[in-house]
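**Q** Here are the chains, one letter per residue:
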Amino acid sequence: MADALFLNGAGGGAQSGASAANRIGERAALALLSGAAGASVLCVAGILGFLAWFSLPLVFSEQGGPGQLASVISWTWQPTSGHFGILPMATGSLLLGASALGLAYPLGLGLALFVNGLGPGWAARPLSALVRLMTGVPTVVYGLASAFLLVPLVRAGFAGTSGFSWLAAALVLALLVLPTIVLLLDGQLRLVLPGLGLTAAALGLSRGQTLVRLALPLCGPGLKSAAVLGFGRAVGDTLIPLMLSGNAAQLPHSPLDALRALTAHIGLVLATDSQSAAYGSLFACGLLLFCLSLAANTALRALRPATGRVGVRVHLGPGLEAAASALAWTAAVLVPAAVSALLGFLLLRGAPAIGLALFFGDTPPLSALLHGAPVFDGLWPACLGTLWLVALASVLAIPVGIAGGIHLAEFATGRAARLAAFCVDLLAGVPSILMGLFGFALILLLRRTFWPSANTCLLLSALCLALLVLPYLVSTTHSSLTGLPAGLRLTCASLGLSRWQAVRRVLLPAARQGIMGGVILAIGRAAEDTAVILLTGVVAGAGRPGALTDKFEALPFTIYYLAAEHQTPQELDLAFGAALTLLALTLALFALARRLGATAKAVGRPAA
Amino acid sequence: MRKPLHPMLFAFVLLALCALPVHAGELDAFAGKTGKIDIAGGTAHIPVMKEAAKRIMQKAPGIRITVAGGGSGVGVQKAGEGLADIGNTGRALTEAEVAKFGLKSFAFAIDGVAAVVNPKNPVGALTHQQVQDIFAGKITNWKQLGGHDAAIHLYTRDEASGTREVFWEIMLKKGAIAPGANVVASNGAMKTALAGDADAIGYVSIGHIDQTIKAPLLDGVAPTQDNAKSGKYPVLRKLYMNTKGAPQGIVASFISYIQGPEGAAITASDGYIPTK
Amino acid sequence: MTAIVIRDLGVSFNGRSVLRGLNLDVAAGGPTVLLGRSGSGKTTLLRAINRLNECLPGCATTGSVRLRLDGALVEAYGPGIRPESLRTRVGMVFQTPNPLPVDIAGNIALPLALAQGLPKAEIHVRVESSLREAGLWDEVKDRLDAPACSLSGGQQQRLCLARALAARPEVLLLDEPTASLDYQASRGIEDLLLELAPRYTLLVVSHSLTQARRLGRDVLVLRAGAALEAVDRATLADPERFSRLMDELF
Numbered sequence: 003m004a005d006a007l008f009l010n011g012a013g014g015g016a017q018s019g020a021s022a023a024n025r026i027g028e029r030a031a032l033a034l035l036s037g038a039a040g041a042s043v044l045c046v047a048g049i050l051g052f053l054a055w056f057s058l059p060l061v062f063s064e065q066g067g068p069g070q071l072a073s074v075i076s077w078t079w080q081p082t083s084g085h086f087g088i089l090p091m092a093t094g095s096l097l098l099g100a101s102a103l104g105l106a107y108p109l110g111l112g113l114a115l116f117v118n119g120l121g122p123g124w125a126a127r128p129l130s131a132l133v134r135l136m137t138g139v140p141t142v143v144y145g146l147a148s149a150f151l152l153v154p155l156v157r158a159g160f161a162g163t164s165g166f167s168w169l170a171a172a173l174v175l176a177l178l179v180l181p182t183i184v185l186l187l188d189g190q191l192r193l194v195l196p197g198l199g200l201t202a203a204a205l206g207l208s209r210g211q212t213l214v215r216l217a218l219p220l221c222g223p224g225l226k227s228a229a230v231l232g233f234g235r236a237v238g239d240t241l242i243p244l245m246l247s248g249n250a251a252q253l254p255h256s257p258l259d260a261l262r263a264l265t266a267h268i269g270l271v272l273a274t275d276s277q278s279a280a281y282g283s284l285f286a287c288g289l290l291l292f293c294l295s296l297a298a299n300t301a302l303r304a305l306r307p308a309t310g311r312v313g314v315r316v317h318l319g320p321g322l323e324a325a326a327s328a329l330a331w332t333a334a335v336l337v338p339a340a341v342s343a344l345l346g347f348l349l350l351r352g353a354p355a356i357g358l359a360l361f362f363g364d365t366p367p368l369s370a371l372l373h374g375a376p377v378f379d380g381l382w383p384a385c386l387g388t389l390w391l392v393a394l395a396s397v398l399a400i401p402v403g404i405a406g407g408i409h410l411a412e413f414a415t416g417r418a419a420r421l422a423a424f425c426v427d428l429l430a431g432v433p434s435i436l437m438g439l440f441g442f443a444l445i446l447l448l449r450r451t452f453w454p455s456a457n458t459c460l461l462l463s464a465l466c467l468a469l470l471v472l473p474y475l476v477s478t479t480h481s482s483l484t485g486l487p488a489g490l491r492l493t494c495a496s497l498g499l500s501r502w503q504a505v506r507r508v509l510l511p512a513a514r515q516g517i518m519g520g521v522i523l524a525i526g527r528a529a530e531d532t533a534v535i536l537l538t539g540v541v542a543g544a545g546r547p548g549a550l551t552d553k554f555e556a557l558p559f560t561i562y563y564l565a566a567e568h569q570t571p572q573e574l575d576l577a578f579g580a581a582l583t584l585l586a587l588t589l590a591l592f593a594l595a596r597r598l599g600a601t602a603k604a605v606g607r608p609a610a
Numbered sequence: 063m064r065k066p067l068h069p070m071l072f073a074f075v076l077l078a079l080c081a082l083p084v085h086a087g088e089l090d091a092f093a094g095k096t097g098k099i100d101i102a103g104g105t106a107h108i109p110v111m112k113e114a115a116k117r118i119m120q121k122a123p124g125i126r127i128t129v130a131g132g133g134s135g136v137g138v139q140k141a142g143e144g145l146a147d148i149g150n151t152g153r154a155l156t157e158a159e160v161a162k163f164g165l166k167s168f169a170f171a172i173d174g175v176a177a178v179v180n181p182k183n184p185v186g187a188l189t190h191q192q193v194q195d196i197f198a199g200k201i202t203n204w205k206q207l208g209g210h211d212a213a214i215h216l217y218t219r220d221e222a223s224g225t226r227e228v229f230w231e232i233m234l235k236k237g238a239i240a241p242g243a244n245v246v247a248s249n250g251a252m253k254t255a256l257a258g259d260a261d262a263i264g265y266v267s268i269g270h271i272d273q274t275i276k277a278p279l280l281d282g283v284a285p286t287q288d289n290a291k292s293g294k295y296p297v298l299r300k301l302y303m304n305t306k307g308a309p310q311g312i313v314a315s316f317i318s319y320i321q322g323p324e325g326a327a328i329t330a331s332d333g334y335i336p337t338k
Numbered sequence: 005m006t007a008i009v010i011r012d013l014g015v016s017f018n019g020r021s022v023l024r025g026l027n028l029d030v031a032a033g034g035p036t037v038l039l040g041r042s043g044s045g046k047t048t049l050l051r052a053i054n055r056l057n058e059c060l061p062g063c064a065t066t067g068s069v070r071l072r073l074d075g076a077l078v079e080a081y082g083p084g085i086r087p088e089s090l091r092t093r094v095g096m097v098f099q100t101p102n103p104l105p106v107d108i109a110g111n112i113a114l115p116l117a118l119a120q121g122l123p124k125a126e127i128h129v130r131v132e133s134s135l136r137e138a139g140l141w142d143e144v145k146d147r148l149d150a151p152a153c154s155l156s157g158g159q160q161q162r163l164c165l166a167r168a169l170a171a172r173p174e175v176l177l178l179d180e181p182t183a184s185l186d187y188q189a190s191r192g193i194e195d196l197l198l199e200l201a202p203r204y205t206l207l208v209v210s211h212s213l214t215q216a217r218r219l220g221r222d223v224l225v226l227r228a229g230a231a232l233e234a235v236d237r238a239t240l241a242d243p244e245r246f247s248r249l250m251d252e253l254f
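Protein chains in written order, with my numbering: chain A, 3 to 610; chain B, 63 to 338; chain C, 5 to 254.
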């Protein structure tokens, strides 16, 4: 690999043009890089360790006997009568994941086919743009729009349901997961079609036949990967189940019943006596979620397509093209309709609220900006909080992430590289609420050991957010660098540059755009996250961020909080205005990332 | 690619400058008090806490007060673990809690908990038994109570809630709550849910009742704070502030403020009954 | 008898014109060899005949292309003709062997099943007959379900030829069919084409004058997308005139 090209590299003396000081600097740099890559391994180990440690009381309880474990693996959740069973929540998560996937997968497949030839050529670009737009919508914004548009519709349309139900949550989760599936399948099809297109056309096959009979089977592993990724995302989401599913800790009898997901359970129940089984059950939930991510990740790795052309078995049954066409057109009509309805509703409700009063409430804007006058009933503190949060998280994550990516792409070999890569993928799939749980547990641990006054705060949230976005940075840096033409490294070697020199002076600048794209994506992800900050220090009324060890406000949480418990209609308008602001922010960031060419790998975002 | 970055960078720097944390430079002319108070816990308390915080922060910008919810369980946990300076509860502390965490309680208001429905619901009065049966899932349709022919949508609180505990103990006499009930996380969320669902029934702190929800008569008694004060309405609790050990510094000042005359005025105006 | 009649053909991509005012008569059988510099539009001309240019973005075609199918001259761009059915009657072999990513038998069977809807028995017959015609049967008859990409370059190109032949076309278009093959394989394909010439109309684009000399009954030179010039066999045979033509063309 890169090794063989640099045999003379670090070993060369004066002839390679590197002075002794340079070589020491280079060694230090390389050490830092491998340390950064090791960070991802540490993180995974840390999270797993914490979850296991805090679940220990379940198995070994002071009160004697392993009875608590049995009480957690049960079907009843009624803490007041001593039942802490998490099985209803586990079932809830699985049901939601499966139903969301069941809705999103066919539609996603249909859209991918539509965009690649089953639909009219002029529709391909707008639809692709729409799907990319969907990836930029924060989860909490989907939740807000759905809570006030979809839930009343479900309530009105079906008897006997309050609207907060499995159905509502599954529908919106499907919408959330759809872009992942579409973009993955579309990417695969685009890889495969150019090689096939003219050949198949010259043989007299129609576009539909080419797509359905030849291209799609070729994407076999990609089809399965999309399913696994989609399922993982649906199971890992916190906010949609929290806002839309009713949160009843039971097994639903029908899609119109309420249910509770593992992620929402953690978010709801975090605050109980920290020695009790209820608290321990949270970590059992966390462990369960982590294992689900692990299983999904392992499945994805097993499905990686083998290199080289694979022989394909083709079904010659009739009618496939007609079915595919019907699916494609259904998807092409339904999905834009649903998205437009939600976003249109948001615009309608939110646009009237836009104005200086949205941000500053009653306080005159200038005195808030310049003199730091406190703002009540305005979004300004939350905007500042988000800004600070994102800035801090970026400062923590960007250097480590880019360094880790460089190491993985250029210097890592053998088992260490595979381990690091595996950990990065695993980290990317971990539900964000687990990051929050980890942060909260970390604080408790610190308080009991060497830092008794530790508290949930801006710094902790930033740290956990940094962990959340770290995998993106590593993997976009990695793929930007590996996407450079191999000849470039050959050229550097032939000119006598050392490995580090080549990386620093030639490869990094060449990959600059892709890396920037990854950075911007990470920033966007940090800005919209709600689940992590929910558990690590965000509050509804904190004013401007003070010190790093203070509580703070943030836009996504303000939206969630106001949506759930606005006291007045004005506060609800504030929520819609905040949603529009956050949406504008994330869309701008994603558009910028796209211009800078962020790679498709970043599509697999974990849920909020 | 270079050009578009510059205005963005400028804007970012401008924003960042405005975002510089409020620190030592803010020693305005006030009792020279600075510091912070983190309050967490009961959601019934939030309106009072927020109003008091607003007034104090406007008078003394050096003080930062943050108010979070979470329910009474959160209040106990956070105050007990020292994660919050004041933990609010809507129920009295248990002996175990006091012993374990060494918490001190300060009551500042009396509040009732009432079963509430949507204003469009014609049902205006319920008996104790009916409420128990509704929440247990035995009565499932409003027409059984004289209302429309519509299924009853149940809403309840999470287990950390003091409101829930009081309702369950006193109103439901520790009876079961149907497992299919929707769970919401605060009094405010309960209000929002009920205001939006015409066939809903839930329960809130009486101080939270306004024109967006309706409290039917309970055994002929209207759930108002006056009836609560006089004892006619039985489902009552006090609102407490709790601290770990004796409160110090501005936390002590805050507690005295709430319990003092101005605090009592805020409490009353938010719909609660200040304790003497 | 002329098999292909082209009048005033113009093809442009996104406004950039590749072929202008082209006239061409191709006699039945052949092989007719088309020569020209790189970029002179040979491939585009070939693709205009089976309407494959329409699969490329921004293409605009003017003029008339008539083909003799079932004895009568038919306008390829006429309203009554579907491109897909045209392409089953006008076969194409590409420069780089492009087997479908299925097994050997599947490469032939799939297009027959999908594009022509033939029944299984008929497909079975044609698979063997076309492989025999292409001279590949003896080499692959025992491994018909092996992946097509496991064949050598020459074998793959024969497979593509067999695939085109299986559709029983009347015209075969070959775009530099031996460009990516070694000498032996090339000679093999050329001999095969000479064998097929009596039964099919062959239009071969070639990059090599020597191949044209060996192969072509008629040789045409395409200059800059507009003019087609016939080269008579005498020129090809005479070494001096041949080398002048070489210098001029390449």
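Careful: at least some of the hints might be erroneous.
[Said to hold, decoys possible] Simulated restraints, written as ranges between beta carbons of each label pair:
#1 D149/C <-> P122/A: 33 to 41 Å
#2 A100/A <-> A64/C: 23 to 31 Å
#3 P202/C <-> P122/A: 38 to 46 Å
#4 L490/A <-> D12/C: 25 to 33 Å
#5 G164/B <-> G48/A: 30 to 38 Å
#6 G293/B <-> P454/A: 41 to 49 Å
By construction, these hints were calculated from the structure, which means they are not laboratory data. Cβ coordinates follow ideal geometry from the N, Cα and C atoms, glycine included.
**Q** Each hint should be assessed against the structure and marked as holding or not.
**A** These are the hints, each one checked on the structure:
The supplied range of 33 to 41 Å is met by D149/C and P122/A, whose beta-carbon atoms lie about 38 Å from each other. Restraint check, A100/A to A64/C: a C-beta distance of roughly 50 Å breaks the suggested window 23 to 31 Å. Range check, P202/C to P122/A: Cβ separation about 45 Å, and the 38 to 46 Å hint holds. Range check, L490/A to D12/C: about 49 Å between beta-carbon atoms, so the 25 to 33 Å window is missed.
A hinted range of 30 to 38 Å holds for the C-beta pair G164/B and G48/A, which are about 32 Å apart. In this structure, G293/B and P454/A meet the distance hint of 41 to 49 Å, their C-beta atoms being roughly 45 Å apart.
Of the numbered hints stated above, those contradicted by the structure are hints 2 and 4, listed in ascending order.
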